[in-house]
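Trainee: Given next are the chains, with one letter for each unit.
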Amino acid sequence: MTEHWTVAVGVKQVPDDDEVRIDPDTGRLDRASAPAVMNGPDRNALEAALRLRDEVGGRVVAMTMGPPTATDVLEESVAMGCDDALLVSDKAFAGSDTWPTSLTLAKAAEYLDADVVVCGEETTDSSTGQVPPGIAAHNGWAQLTYVEELEPRPEEGRLVARRDVEGGHEVVAADLPAVAAIAYGENEPRPAGLHRKIYAENEFEPEMATAEDLGLDPDEVGIDASPTQVGGMETVAPADRDGEIVDDAAALLDAMRSEEVVP
Amino acid sequence: MTEIDVDEYADVWVFVEEHDGEVAPVSWELLGEARRLADESGEDLVALVIGEDVDDAAEEAVARGADRVLVADDPVFEPYRADPYGAQFRHLVEERQPSIVLIGGTTTGRDFAGRVAVPAHAGLTADCTELDVGEDGLLEARRPAFGGNVLATILCEDHRPQMATIRPGVFEAADRDPDRDGEIESVEVVVTEDETISEVLEREVGDTVDITDADRIVAVGGGCDGDLEPVLELAEALDAELAASREAVDEGWVENSRQVGQTGKTVRPDLYVAVGISGAIQHIEGMQKSGTVVAINNDPNAPIFEHADYGVVGDLFEVCPELADLAREADDPKEVIQ
Ligand SMILES: Cc1cc2nc3c(=O)[nH]c(=O)nc-3n(C[C@H](O)[C@H](O)[C@H](O)COP(=O)(O)OP(=O)(O)OC[C@H]3O[C@@H](n4cnc5c(N)ncnc54)[C@H](O)[C@@H]3O)c2cc1C
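The listed protein sequences derive, respectively, from chains Y and L.
Everything in the first sequence is counted per the numbering used here, starting at 1 for the first residue and increasing by one.
Everything in the second sequence is counted per the numbering used here, starting at 1 for the first residue and increasing by one.
Since the hints were made in silico from the structure, they are not lab data.
Quick caveat, the model's predicted, so the values are computed rather than measured.
Check the hints yourself; a few may be wrong.
Partial pick of chain L residues on the chain Y-facing surface, computed with a CB cut under 7 Å [what the hints assert, rightly or not]:
{"id": "1", "residue": "A82"}
{"id": "2", "residue": "G137"}
{"id": "3", "residue": "R268"}
{"id": "4", "residue": "L271"}
{"id": "5", "residue": "T292"}
Glycine residues also receive a C-beta, built at the ideal position from the N, C-alpha and C atoms.
Go ahead and model the full structure; you've got the sequences and the hints to work with.
Mentor: Have a look at this one:
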């Protein structure tokens, strides 16, 4: 059993959802309108991963699949405390849906010899939540999703999670290697230290890997390997609401009565 | 890529999610919608039940519209774990080749759907809110994207099955007809405890409530700061069900089966009262189909007011009790002057 763990953390650069604009003509995301930021739930994943390393010993490696500009989120991860980072970048990945994306990250985890992969529960841009289970499924590893808290048990070769389930909670132990998806907002991500920030921005260079480096055939990834296609997009106008501000509780009750929604 | 013959795949499958003798309501919502799809394409509707002692769920699936039910009944499936469920489901999918597979977008469904789709190299569309079968026989799975501003249609032309998870609350539950006929088949269990790679050490699950049926909802958010009293009082006075934003759930003030939103339930009551809820897009996604929306928030710039019909800018600790009092007075027959 490994005494020190290698923890890989999946992070992703997404358009800032507070700023994101939809082009009213095409119904498509106007990417230029929104600055790229780290996916919010990934900060919770980084924090959970760093805590694992702090308890067990070993190293945390941030990994992302994306264009070279995605280096920014890797630098941010290193500033937060990750020991290293891997940028998986290749034209062959273009058009990947969740199937090839999770395959690529599964291979990246193997390439890093990871004992544990930690991810955020979902991304704010596509919000499928499928990539963490997908990584686990591609590698035949155990998975823990909607995790509130992780407890490493290196002596058992297992990772234990308290996780959210419908109507309550459960505590599940997963054999290593395992993939854990951390529920958004479940921990307080540590701020980046000033020295690490300077190091991350000025000295640090992430390791780079292409599809071939990970042992992937270009046919196995990207649009060719994506079972789903976007057949169309339509803008949906959210329900038209007047947003009439009334003075007080009495006026509110009158309004509700006029709509006949209360007796 | 290996090409498959998509014509060899037929039938619409619905996963019936069962825990401790209780079926997740979304399962019946899916059966209703899947019955429509199966009728349109002239295929069978097949329900899949995995668990321990699940005879009741299997019979109920017939009453709710399934032509056939496949039952994998074994202690290895109780309580739920992703790896044995995934392996059993995948085995059945490979053996029987369904064309469409629908799974509830619960924490359970979202957890194991990928464990079926990945080895099958199937297309999996997450959290759909609309389903249709096009003229070419392809499943058109629609899902909100970019915070609900766009509805994307996802297709899966060359791969099977066409899989989708569907949010709880978007479809009406199938009516039950106890006299319906259907075939229940118990299938071979292909998973053994020795092969599992996970273990449930503890489980604390209370009663799960179904807020998706409620006519009136009072929902509470971070603004209540852990004091639910005024909101519970208002809910009672309005004869409404309590719901919550994710903030209130994450803080542990309200149980998670009452969460409304992108990762919670979709509700469409006649009346939705949002109390101390900011109106984050992930929350709006789950309640925007409500009839009348009312907001109580002390921040006049809170986005919730853009998604409400009526609002009061004020302290919920004052507005809620006052509104509750007034509503109760109105309810009191002595006070109502006809
Ligand atoms: C992947 C992902 C999935 C998510 N899924 C969901 C989901 O399903 N559902 C969901 O709700 N959110 C979801 N969120 C979270 C969402 O982004 C917001 O963080 C959350 O909805 C905020 O909850 P809130 O508005 O109740 O709390 P806050 O953001 O804390 O807002 C509290 C509000 O109360 C007001 N307030 C404070 N005090 C008072 C008072 N005394 N009187 C009156 N008003 C007061 C404040 O002005 C503020 O507007 C998700 C986020 C992510 C990233």
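Trainee: None of the hints should be skipped; say for each whether it holds.
Mentor: Checked hints:
1. Using the Cβ-Cβ criterion of 7 Å, the hint placing L/A82 at the interface with chain Y is satisfied: the shortest such distance is roughly 5 Å.
2. Hint status for L/G137 relative to chain Y: violated, with the closest Cβ pair at about 14 Å, above 7 Å.
3. Given hint, L/R268 at the interface with chain Y, is violated; its Cβ is 10 Å from that chain's nearest Cβ, farther than 7 Å.
4. Annotation: L/L271 was flagged as interfacial toward chain Y, and the flag holds, the nearest CB pair being 4 Å apart, inside 7 Å.
5. Restraint check, L/T292 versus chain Y: the minimum CB separation of about 5 Å is within 7 Å; hint holds.
The structure is inconsistent with the numbered hints 2, 3, although it conforms to all the rest.
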